[in-house]
Structure formats: structure tokens, C-alpha cells
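> The listed protein sequences derive, respectively, from chains Y and S.
Everything in the first sequence is counted per the numbering used here, starting at 7 for the first residue and increasing by one.
Everything in the second sequence is counted per the numbering used here, starting at 2 for the first residue and increasing by one.
What the hints contain is simulated information worked out from the structure, not anything from laboratory work.
Be a bit skeptical, because a hint or two may be false.
Stated by the list, open to error - Here are the simulated lysine-lysine pairs, DSSO-like style, with alpha carbons at most 30 angstroms apart:
id, chain 1, residue 1, chain 2, residue 2
1, S, LYS100, S, LYS57
2, Y, LYS26, S, LYS57
3, Y, LYS20, Y, LYS72
4, Y, LYS72, S, LYS57
These numbers come from a predicted model, not from an experiment.
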Amino acid sequence: GAVVSQHPSRVICKSGTSVKIECRSLDFQATTMFWYRQFPKQSLMLMATSNEGSKATYEQGVEKDKFLINHASLTLSTLTVTSAHPEDSSFYICSARDVQALKETQYFGPGTRLLVL
Amino acid sequence: SQQGEEDPQALSIQEGENATMNCSYKTSINNLQWYRQNSGRGLVHLILIRSNEREKHSGRLRVTLDTSKKSSSLLITASRAADTASYFCATDHTGANSKLTFGKGITLSVRP
């Protein structure tokens with residue numbers, strides 16, 4: 007089946023630094039990728055929709071200047087958490103939609119756990 | 002909010018028993034999906050049911066959808082300890098451009 011990878015799987019950083027998370031579709035092309043955030047024992051909240059070759063669409067309440075998204079190719083989207091603070095500590099999960107499959111099919115990555123000290 | 006709501010929030014059963022989890026939503030959907038998440042891990046897609054379908058089966062899983070009541074149920078038959086996980090329903094709402102809205106999740110514990 008389709009595989010989505012994320013790197014790194016976990017990262018610890020100091021407050022004020024920036025962290026980049028990569029999301030890759032390994033065996034299919036994805037024109038659209040989605041970025042979610044999940045706090046402990048809570049649900050996934052959609053942060054933004056990443057579109058290849060165009061600007062990301064952010065959900066209400068998500069700061070686009072803080073969470074920079076770049077979808078430079080059909081297999082890679084990156085999320086950069088700029089000037090990270092402890093409240094940004096969370097589990098970040100991406101998903102990708104296979105451009106050749108049914109529109110409704112999304113494949114999820116294994117997630118990236120971010121801890122900001 | 003369009004967010005789906007599952008119930009119960011937590012369910013503890015004995016191995017071999019059936020587990021039934023429910024999900025309700027508020028606006029019309031294209032499809033509804035169920036996912037499993039083991040602690041600290043990513044999501045595993047279990048099953049998708051479209052708005053024009055009423056029931057689907059996949060192995061030990063049975064999903065029903067009642068669009069008139071805006072609700073769905075996930076039944077896991079003959080549960081195993083390995084089924085212990087959090088389960089989420091996610092709705093693809095009409096006009097939402099394939100964005101998924103996740104429910105709060107149900108924590109299932111299956112005792113060996």
C-alpha cells in the first residue's frame with residue numbers, strides 16, 4: 007500500500023529555535039498534503055492544507071507566519087515551526103492524497119513528536 | 002462545529018467480546034472513515050463508508066452509517082488484546098475539499 011514517511015520522528019529543541027519537519031510520499035505522487043497537530047489524549051486538529059506549487063491554506067486560528075509550509079514537489083511537503091515555544095510541543099502528523107487514486111483516499115505518516123524546552 | 006463525536010469516550014472489554022463504538026456528526030458528508038491509533042503512533046486507516054452506503058464489512062470490522070441520524074457505528078467482533086488502541090471517526094464533509102474532520106476518539110482497552 008501507499009506509504010508516507012515523516013522525518014524526524016521526534017525532535018527536542020530549545021525555545022526560540024526553528025524546527026523543520028518533512029513529509030514524503032514514498033511510492034505515489036501527492037498534489038495535496040495535510041498537516042495535523044495532536045495534543046496528548048486529544049484528537050487530530052487540521053492545521054493546513056499543503057498544495058504542490060501554490061500557497062498552503064491554513065485553518066482558522068493557525069498562524070501562517072509561525073507554521074511555514076512548503077510543498078515544493080509532488081512527493082515532499084515541509085512544515086517549519088518558527089521560533090518554537092513550549093506550547094508548540096505536540097505530535098505533528100501529515101497525510102497525503104494520491105493524485106491517481108480516489109480523491110477520498112488519504113495516507114497518514116507516522117507522526118513527529120516535538121518537544122520544546 | 003462540524004467535528005464528529007464518538008461515544009463512549011472509553012471502553013474496556015474482555016478478549017473475545019465485541020466492541021461497539023459510535024460516532025455522530027453535524028453536517029452532510031461525502032464519506033466517513035474510521036482510524037486506529039496505537040499510543041504515540043500514527044494513524045491506521047480501517048474502513049471508509051460512503052454517504053450512499055449503509056453497511057460495510059472488513060474482516061472483523063463492521064461499519065454502519067445512518068445519514069438520517071448523522072451517525073455511524075464501528076463494531077469489532079471477537080476482540081483481541083492487540084485491538085487495544087484509540088479509535089477515531091473522521092468525516093469528509095460535502096464542500097470541504099476532501100479535508101477530514103476528526104472526532105475526539107475512543108480509547109478501547111481489551112483485557113486478555
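> When you check the alpha-carbon spacing of LYS100 of chain S and LYS57 of chain S, does it fall within 30 angstroms?
It holds: about 22 angstroms lies between the C-alpha atoms, which stays within 30 angstroms.
> Are the Cα atoms of LYS72 of chain Y and LYS57 of chain S separated by 30 angstroms or less?
violated (42 angstroms)
> Is the hinted pair LYS26 of chain Y and LYS57 of chain S satisfied, with a Cα-Cα distance of at most 30 angstroms?
Answer violated: LYS26 of chain Y to LYS57 of chain S is near 40 angstroms, above 30 angstroms.
> Tell me if the straight-line CA distance from LYS20 of chain Y to LYS72 of chain Y falls inside 30 angstroms.
OK: LYS20 of chain Y and LYS72 of chain Y at ~16 angstroms, within 30 angstroms.
Consistency with the previously given hints fails for numbers 2 and 4, ordered from lowest to highest.
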